[in-house]
Amino acid sequence: MNMDKPLLKVEGLSKTFGGLQAVQDVSMVLYQGEILGIIGPNGSGKTTLVNLITGFIKPDKGSVKFRGRDIAGWPPHKIADLGIVRTFQNMRPYYSLEAYRNLIVPLNSPRAKRMGMGRWGERDTVALDILEEIGFERDSFVPYKKASALPTGYLKRLELARCLALKPEVIIADELFSGLSASEIASLVPLIEKLQGGGITFIMVEHRLRELFSLANRVIALDFGTKICEGSPKEVMANPRVRQAYLGPGGSD
Amino acid sequence: MAEVQRRKERLDRGIKVRAESIYAVSSWEEAAYLLAPRIILVLGLLLAPLLVQSPYWKRVVTVVCVYGLLGLSFDFLAHFVGLVSLGGALATGVGGYASALANKALGLPVFLSIPLASLAGGVVCTVLLLPCLPLRGVYFAIVTLMYPLVLSRLVEAFNILGGTDGIPGVQGFGGPWAESYIIISALLLCLFGLRRLVNEDLGLILRGVKDNDQAVKASGISVTRYKAIAVFIASTLGCLAGAYLAHLYMWAGLSLFALDFSILPIAATVIGGGGTLVGAVVGSMILIPLSELLREFGTLRIAFYALVLMGFIVVRSEGLMVWAQRKYHQFERWVQI
Ligand SMILES: Nc1ncnc2c1ncn2[C@@H]1O[C@H](COP(=O)(O)OP(=O)(O)OP(=O)(O)O)[C@@H](O)[C@H]1O
Ligand SMILES: [Mg+2]
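Residue numbers (the numbering used here), protein chains in the order written: chain A, 1 to 253; chain B, 1001 to 1337.
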């Protein structure tokens, strides 16, 4: 992790839905190579923040700078093209396609082609390689099953696989661990560490605090759309406002 | 007497075959099992003009193929891209007028004017539909329904392209054989071409757009761009059908924008089975001759027609070919228990 190299700089980001302030004046920095955790109770604006950064929702105010270039308000496919890719909290596979063919789609994106991820005729193999790396048993039928026939654990992996097919710079994972068993998470953790070692920067939105805190270098906590604290996992865990947000008033003991 | 209890047992012999990507033809039986349906369809279509005697029924065969093309175009957009278009007549109209102009104004012969009009018409339709591409579901459907209506009114009101008289004197095909086999081969090419396409990379992206356009955007792919490509492909098929009609009737007129070209292909696709492509063709083979046979009933024709349509939809709501394909891959037998 390189603390003098800010990769992504978010400043004063705000979004209201009707009268609801979903994200309010949030600023944060993402450094090259780190894993940044984002936590917060249900409805605190985590997914909205992810949507704002990745272009799926246009911000009302504020800027998102990637390597100094303001990308706020860009269409999502342009932002993904820069290498800022995301997973969806409620998985979004192509249900009618087989698992490996789910990856043929991102492998055909302009970015994947630019990054040399599988030329014509090699894409099936590259897709199977990615799936194997992510934990689909290569010699089994699993990669050839329709996504609609896959259990949650595999669909979550497929979300991550779609990101990897783009050779990303930043992966923004929205609750990758939720809905997974402890052993499934345990098998994903080394993978994420390996990817981080390979130079990918992560933002991980999580409810599973224990697992997140073992991975994350820094953590940001949101409540009611605003950033309430930022720091190392230990500092954030000890912060009284965070405890209050999670446990409710009076629960800070 | 002891009652023998029997149970219907179902074996699926198609699993290997349907998992196309990991399947290799390993014996003649399996190859025949795979190819038989295709061979029957191809031979059936190629022999049809030889089997029917009267020029009238030869003409019906060509019209079946025209609607088959339009049905393919609809099924491709609706079930492989997720765009339900109610405006098939836009493409027939644009293609028909384009081919008539290419033939009469530019003096191009039939074998050049039809392909040229198909491609140029495809571009025109795509450009016209570009503003609708962000629309979803029923909104896209309704707007596309308006296009042929508006265009035909414009032709009428401004008296362009021959106004209500249309463009007469378009070159014909010069005989029933050319007439039949041009459209039959076009239909077969488009059918097998599309079936191929939906399993190629481009087709997979389009199916991705249908399943989940958010994930496609998240993959760094412009959804609008691929929708435009799909609309171009579908419009080109529709324009091909329209261009053919203009030369068949040696006339391009407002009737090329008729509602029939928008609605009948959809009915054919529903009866034949959406999402199979071949279903659109089979549906046309049923609907079009049926509507000819019912001519004898005079004014009651449309009522009988509707009854048959409803019958199909109630009995085989999934569509004929969806059902037939499943049955073909299944092997049923009665066993005693
Ligand atoms: N598209 C939208 N339209 C209207 N309101 C929205 C929209 N998206 C989110 N909201 C609201 O904004 C608030 C923040 O939602 P968000 O999904 O960002 O929370 P979250 O922190 O991701 O919650 P969770 O932990 O449950 O995933 C919620 O009150 C939600 O109801
Ligand atoms: Mg969320």
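Worth flagging that the hints you see were computed from the coordinates, not collected in a lab. There could be a bad hint or two in this list.
[What the hints assert, rightly or not] In silico SDA-like links for lysine to any residue, alpha-carbon gap of 20 Å or less:
| # | chain 1 | residue 1 | chain 2 | residue 2 |
| --- | --- | --- | --- | --- |
| 1 | B | K1327 | B | K1104 |
| 2 | A | K78 | A | M115 |
| 3 | A | K9 | A | I200 |
| 4 | A | K146 | B | V1084 |
| 5 | A | K58 | B | P1134 |
| 6 | B | K1210 | A | G33 |
| 7 | A | K78 | B | L1133 |
| 8 | A | K194 | A | D129 |
| 9 | A | K78 | B | D1213 |
| 10 | B | K1104 | B | P1115 |
| 11 | A | K5 | A | I200 |
| 12 | A | K145 | B | K1104 |
| 13 | A | K167 | A | Q196 |
| 14 | A | K146 | B | P1115 |
| 15 | A | K194 | A | E169 |
| 16 | A | K146 | B | A1141 |
| 17 | A | K113 | B | L1202 |
| 18 | A | K146 | B | K1104 |
| 19 | A | K78 | B | R1225 |
| 20 | A | K58 | A | L20 |
| 21 | A | K58 | A | K5 |
| 22 | B | K1210 | B | V1084 |
| 23 | A | K9 | A | D60 |
| 24 | A | K78 | B | A1228 |
| 25 | A | K146 | B | G1082 |
| 26 | A | K146 | B | N1199 |
| 27 | A | K78 | B | Q1330 |
| 28 | A | K113 | B | G1203 |
| 29 | A | K145 | B | G1203 |
| 30 | B | K1058 | B | A1048 |
| 31 | A | K146 | B | G1275 |
In this text the structure is predicted, and so the values were computed from the model without any measurement.
We went through each hint and held it up to the structure:
no.: 1; hint: B:K1327 x B:K1104; verdict: violated, 50 Å
no.: 2; hint: A:K78 x A:M115; verdict: holds, 15 Å
no.: 3; hint: A:K9 x A:I200; verdict: holds, 16 Å
no.: 4; hint: A:K146 x B:V1084; verdict: violated, 24 Å
no.: 5; hint: A:K58 x B:P1134; verdict: holds, 16 Å
no.: 6; hint: B:K1210 x A:G33; verdict: violated, 35 Å
no.: 7; hint: A:K78 x B:L1133; verdict: holds, 18 Å
no.: 8; hint: A:K194 x A:D129; verdict: holds, 16 Å
no.: 9; hint: A:K78 x B:D1213; verdict: holds, 14 Å
no.: 10; hint: B:K1104 x B:P1115; verdict: holds, 15 Å
no.: 11; hint: A:K5 x A:I200; verdict: holds, 14 Å
no.: 12; hint: A:K145 x B:K1104; verdict: violated, 54 Å
no.: 13; hint: A:K167 x A:Q196; verdict: holds, 13 Å
no.: 14; hint: A:K146 x B:P1115; verdict: violated, 38 Å
no.: 15; hint: A:K194 x A:E169; verdict: holds, 14 Å
no.: 16; hint: A:K146 x B:A1141; verdict: violated, 29 Å
no.: 17; hint: A:K113 x B:L1202; verdict: holds, 14 Å
no.: 18; hint: A:K146 x B:K1104; verdict: violated, 52 Å
no.: 19; hint: A:K78 x B:R1225; verdict: holds, 13 Å
no.: 20; hint: A:K58 x A:L20; verdict: holds, 15 Å
no.: 21; hint: A:K58 x A:K5; verdict: violated, 26 Å
no.: 22; hint: B:K1210 x B:V1084; verdict: holds, 11 Å
no.: 23; hint: A:K9 x A:D60; verdict: holds, 17 Å
no.: 24; hint: A:K78 x B:A1228; verdict: holds, 18 Å
no.: 25; hint: A:K146 x B:G1082; verdict: holds, 19 Å
no.: 26; hint: A:K146 x B:N1199; verdict: holds, 14 Å
no.: 27; hint: A:K78 x B:Q1330; verdict: violated, 46 Å
no.: 28; hint: A:K113 x B:G1203; verdict: holds, 17 Å
no.: 29; hint: A:K145 x B:G1203; verdict: holds, 18 Å
no.: 30; hint: B:K1058 x B:A1048; verdict: holds, 8 Å
no.: 31; hint: A:K146 x B:G1275; verdict: holds, 16 Å
Against the hints set out earlier in the document, violations occur for numbers 1, 4, 6, 12, 14, 16, 18, 21, 27.
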